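**Student:** Residue strings, one per chain:
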Amino acid sequence: MSVIHRVRLPVGATTMVEVGHRVEPAEVLATRRPPGGGVTIPVSAPLHRSASSAAACLSVRPGSLLESGGLLASDNRGHEVRVPTACLFLSYDLADGSALVAPLMGTHPIFGHVRGEVTTVSVEAIEIRVAGALIRGVGGSGTAVHGELRVVVREPGDELRASSIDVGATARIVVGGSRASAETLTRARAMGVAGIVLGGVLDKELRDFEATQLRRREVGGVRGDFGVLLLEGFGKVGFDHGMFDWFRQHDGRMASLFGESGRLYVYDADAPPARRALARPGDRVIAHRRPFAGLGGELVRVLDGLHATSSGIPARSGLVRFEDGVTAVVPLANLEATEPLRGS
Amino acid sequence: MSVTPDTEMALLVDVGSAWAKAGVIGRVRGRWRLVAHASQPTAWGADELRTRLSEQLAAVVDPRLGGRVNELLASANRVECHTARQPGRLAVVAVSRDLSGSSARRAAEAAGWQVSGLVTLDDGRSLADRLALLQLLEVDAWLVAGGFDGMRSLRAMEAAALVAAARRPDSGPVIWAGSDELAAEVLSLFEPNAVTIVDNPRPDSRREDPGPLRDRLQAILRQTMAREEETHLASIALPRAVGTLALASGLRVLAVDLGARTATRALAEPDGTLATRVHGGGGLAGTVLVPGAAARIARLAGEAGEEAAVADLLQTLRARPASLPQTPQELSATQTAARVQLASLMEDGPGGPIDLLIGAGSTIACAPHPAQAMRILIDGVRPIGVTQMATDGGAVLGPLGSLPDDEIREGMMLLADDLLVPLGTAAITRGGEAGRVAMRVTVHRPGWPASGPFEVRSGQLQVVPLGRGQQAELTIELGDGVSLGAARRSPRITAMASGGSVGLVLDARGSPIPLPRRGDDRRAVLAGWQHALERDAVIGAERVA
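So the protein lines, in turn, are chains A and B.
Mapping of the first sequence onto my numbering: residues 828 to 1171, in sequence order.
Mapping of the second sequence onto my numbering: residues 101 to 645, in sequence order.
Where hints are given, some of them may not hold.
Stated by the list, open to error - Coverage of chain A stretches by chain B, computed from C-beta distances (three or more under 8 Å per stretch; other residues unrestricted):
hint : segment
1    : 920-930
2    : 1133-1141
3    : 1156-1165
Rather than coming from a laboratory, the hints here were simulated on the basis of the structure.
Computed from a predicted model, the values in this text were never measured in an experiment.
Beta carbons are placed, not taken as given, at the ideal position from N, Cα and C, and that holds for glycine.
Hey, can you work out the whole structure from these sequences and the hints?
**Tutor:** Pasting the structure below:
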């Protein structure tokens, strides 16, 4: 199977690949020269004019790109102002007769972070066909990372403990269980783990982790990328058994994780267990709200009419036999049917 | 000779971003009534919705029609409204965060745009970071604001230049809402016809006038995003229905519709004039983006649990908007989130008393207890004065508002009995000293001895039973420094109240509602108010579904 990955290009990017090109995660797809901090260039003084009359001599308008030595202003009588380096012209100050420009910095690479074949190249985006599976999560954090998958918990409901992160997890994408504390995430990052895939995490712990990383980045204490992907929900939420089995089957495969956008590409992988919004009797299901969030089971039957939950909301509900042995009535809106793995 | 029995029916469908609601109207003893109603996650699809309606109808229709219900439903007139399939995404670039930036952002959100990025020249980012952020945004339009009218602001021009540098030509309109002196220069930065000049929402340092910008942004949103018949958009249809209702009843009507993604506020004057605000990210799923929302909800809800649990719930509302609160704690937090979102929808809200307040959207209209719907409305909207309260329990206002102009009123008259679910009337005061009597209310019902006077002290909430269909005249004496919103001409005020499933709510908690600082005290006070509201309400009696 294959999926399409889209890499959006910023304005002014120069593409380095063509359709049909095979790319690797660390390969440069395009480059750009981002503007740096603003600097002012005197305009009225070199033109021997007042600040207000020099405005009419500008040969570019705000937002224009200028090459090194490009003409910024001219009075058509031999006086010219040229920019010393390639820059972006932003504004002209009528008070002091100077121009504000943002010099273009060095060439900045744009990576795709995936392995695949380029299918489309346009000024707006490059699309890459990835041979493998795409898994979408409900949230995440961090940058794009790449590494081998490594399942480090025994059961889908197990919490990912800091002690599970050892040197063997370095540069890998660790597949954990139902939760990881901020301490575990911090240790993982410190051990050089590329990323973590979890069933769920407490929103507060994820925010705390992000805050500490931000502070460390600000003082220059953090290097390297790290991503977190949440598959099922927020809180202590385990993996669906089928999905966990799928990860176990693909232990050791290469993958690319995009934390911020909640996506995981697993290369050369079979299709992951599919999900369906409306569950039918006999379906394997996963529950998404408390008190059963993240628990898998089987929808035994759909109840007639509406059934009031303990919150009092009347809803179409079904009787679910959960894998932990509990049988409970759950609103169908809180269930998703999960397709069994092929061959299982 | 055999006669094939037939029937007339119509399907009213409201397809939201998370939930779809449908009602079947048919003739019952010569009158048009809502005879079946179902709601379900939108992702379940139309076939499932029709199956549910068929099941309900099969149990009640003429047995001779029993086998043909599905076929009749499939061929029934379908009146539908829906949430816009994709929100309009806007980038806002402004000079200052607190002045031009906040004005522009508020106006954009109130016009229904989803603000995908906000950059101000005092946001602490470097110039390079601002440009990098803007260059990566995928938006449908750009809004630039800054500078006071009559002045040439270098910074405002810089803001426009940032957009010129970051935006691809022909990639969505640019709206200039800055200094009028710079308008011509800004026009020259972009390709022809790209820029729309709008009145400055901050014409000088002391004045804010976001109205023209908001109206223009609303119009641009419709031009840019509404590729379908716009009267079928819920954000257009619901206000149209509310306008018709106000015109027909001679009442000042406010409707608030809290959806998963968006929130809509429609105020209709008795002459039918409408003022609508659509907050693009103002739905329940957007609560997570409100700074400090989890802490605020944990504090206001009383029984929602710890802040961390509320934070997880808010993320769940974003990630799985079609799921339902299954525990009392989650319900309490969700309803409090609804109150918070309504309160923010009512910022810069309509002044003056409201005659009728209607709550729409599943969280309000399908609250398990009518007192909970009442609580969301009176705490979220806080309408000072004497106001009839109702919900759009059958989700029929939106579909009816999508009818042609001349048919909306007819549709409402036909469905008069099932149009709204009355909750009762709320008399809400502000001002007064804690512990002192805020109002004394005597209730006169025709044919009954007067009841009361009911004394309500500042900080208290009391419910007087007044059932559906009952009318009463209220005589209200206000305490010192207490107001019902309008100027007082005599020490006694009379007002009419109509009953509903909650009754007459006398609310002297003020606005905003003060709460004890100590957690235990606060929880006790909150529980007391909830108990007062629920005690006399008739559970389920007025529910449609």
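**Student:** Taking beta carbons only, do three or more residues of the segment 1133-1141 of chain A come closer than 8 Å to chain B?
**Tutor:** Coverage by chain B holds for the segment 1133-1141 of chain A (8 residues, Cβ < 8 Å).
**Student:** Counting residues of the segment 920-930 of chain A with a beta carbon closer than 8 Å to any beta carbon of chain B, are there 3 or more?
**Tutor:** holds (count 5)
**Student:** Counting residues of the segment 1156-1165 of chain A with a beta carbon closer than 8 Å to any beta carbon of chain B, are there 3 or more?
**Tutor:** Check passed, 4 qualifying residues.
In this structure, every one of the numbered hints holds.
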